[in-house]
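S.K.: Chain A is fixed; fit chains B, C and D onto it per the hints.
Those protein sequence lines, which keep their order, are chains A, B, C and D. As numbered in our numbering, the first sequence has no gaps in its residue numbers, which increase by one up to the final residue, 137. As numbered in our numbering, the second sequence has no gaps in its residue numbers, which increase by one up to the final residue, 137. As numbered in our numbering, the third sequence has no gaps in its residue numbers, which increase by one up to the final residue, 137. As numbered in our numbering, the fourth sequence has no gaps in its residue numbers, which increase by one up to the final residue, 137.
Hint data in this document are derived by calculation from the structure and do not stem from the laboratory. Predicted, not measured: the structure shown is a model, and the values here were computed from it. Keep in mind that a hint or two might mislead.
To be verified - With a Cα cut of at most 25 Å, we get these calculated DSS-like pairs of lysine-lysine:
no., chain 1, residue 1, chain 2, residue 2
1, D, 118, D, 78
2, B, 8, D, 118
3, B, 121, B, 132
4, B, 68, D, 132
5, C, 112, B, 68
6, B, 2, D, 8
Protein chains: 4
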Amino acid sequence: MKNSIEIKVRYAETDQMGIVYHANYLIWFDMCRTEFFRRIGIDYRELEENGVLFPVIDAGCRYMLAAKFDQDVVVTAKLVSVRGVRLKLEYEVTRGTETLALGHTEHAFVDKNLKPIKLRKYYPEIWDCLMKALTLE
Amino acid sequence: MKNSIEIKVRYAETDQMGIVYHANYLIWFDMCRTEFFRRIGIDYRELEENGVLFPVIDAGCRYMLAAKFDQDVVVTAKLVSVRGVRLKLEYEVTRGTETLALGHTEHAFVDKNLKPIKLRKYYPEIWDCLMKALTLE
Amino acid sequence: MKNSIEIKVRYAETDQMGIVYHANYLIWFDMCRTEFFRRIGIDYRELEENGVLFPVIDAGCRYMLAAKFDQDVVVTAKLVSVRGVRLKLEYEVTRGTETLALGHTEHAFVDKNLKPIKLRKYYPEIWDCLMKALTLE
Amino acid sequence: MKNSIEIKVRYAETDQMGIVYHANYLIWFDMCRTEFFRRIGIDYRELEENGVLFPVIDAGCRYMLAAKFDQDVVVTAKLVSVRGVRLKLEYEVTRGTETLALGHTEHAFVDKNLKPIKLRKYYPEIWDCLMKALTLE
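For reference, chain A alone in the conformation it holds in the complex (with noise of 0.2 Å):
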């Protein structure tokens, strides 16, 4: 499954090259990785709140078009895959038909300590969450 979102380019996420500074880049990930969670019945702050964690342990993005200021973009999350203790989301950032940068970010199941914890066991409605939106299309 995948879910997308508009974003519109900050005066802030500029630098003096004239474009969006690389690492805002992930930023945009994590808004679009937020509304992918909601989207598949997550909500990643209650589920904050209550205790569970979904650090970044791994991310990358290519870069191949520029964004610029004022200019809108779509950034699109898609799950790729999940495992006992982590998971894995792919992006694309979009300008109508170009595709400015291809991105992924894989996280880890964690406690308020930071600590692993095996969601399948612990928090199985979420687990169901996260099988369903694999399968779908």
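M.R.: Just chains B, C and D, lined up with the frame of chain A:
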């Protein structure tokens, strides 16, 4: 009492105007504040771990000259007032002999639930550090 | 005249206090300002491309209540004065019926070399947009 | 050749998980890269002023241990390849004897219009600095 820190401007801090994005000055004030507190005997990290927080309740900055990528700037903090449940600091950002910006922040003394704390009563040793810093030139 | 935008708080905007880091409010003001200008007929992106910049020369914010991750906040901008080579806006950040923060920014009218421009003389159509916005409630 | 810089974690770099927000590592890589270039004889600020830019075309980071507010971390950069119109660096973030993160960035050689430049041909002295850095341990 005053305390200064040196900062080398990061590329990420610039915007498409080719200068440091204005909001970053508040981050520089914050860095300078942490070192100011350390200098007068208050480890702000420990303070928070012990449940005392100094959130910003007011901040301001006047921008005179722009800072640019890779320049070395100096930020100086000065404690100007401490009252019942709040304190105020003033800041100056300089580059060589030029003043780039002048600013201030005010902070409340609160606990982890953001409720006001009477610092003088419950954390007299912290209060004393602040009082001493006020009187020293 | 006033104009409002809606913002969903990003995870990246929080700090370890569990609330939005204070410097981000200036970024929200900036976003709101861009939309305010668009609303009154000024495309700030185009303006910069034509060599007219409105850098921030003064900014301030009073923080009353904290915004938190994933909350929906509304930021409202109002133009309060336009003089020879500068203008001033005021902002309010609200969440439902609560006011979270009040702020302001002042801006100079400059060219690409950051030299002051007499907007009224050289860009009368921009000046007129500002004048009209000042008089409208 | 390798080059390291020291960074004290800023409060602004933390998020509500109580750790450094992951996107900030890319900013640290950037800072480290600038110093690496300076060390091998390339002043990146001057380079950009002369119309040569090294935008990021790929970036990645694997996060092993979290950095926290006020901690001292060391970031080390190493140039691993230079080809026709691009170069690649690898980074390590450490705290004492612990490795917190490993990352990389790839950069294109472009002009102000983001068009590829043959560095070897048009900026042989820059090319030579890079070649020398590649061969040194």
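S.K.: Look at each hint and say if it fits the structure.
M.R.: Outcome of the hint check:
{"no.": "1", "hint": "D:118 to D:78", "verdict": "22 Å, holds"}
{"no.": "2", "hint": "B:8 to D:118", "verdict": "30 Å, violated"}
{"no.": "3", "hint": "B:121 to B:132", "verdict": "16 Å, holds"}
{"no.": "4", "hint": "B:68 to D:132", "verdict": "29 Å, violated"}
{"no.": "5", "hint": "C:112 to B:68", "verdict": "14 Å, holds"}
{"no.": "6", "hint": "B:2 to D:8", "verdict": "20 Å, holds"}
Violated hints, listed in ascending order, are 2 and 4; each of the other numbered hints is respected by the structure.
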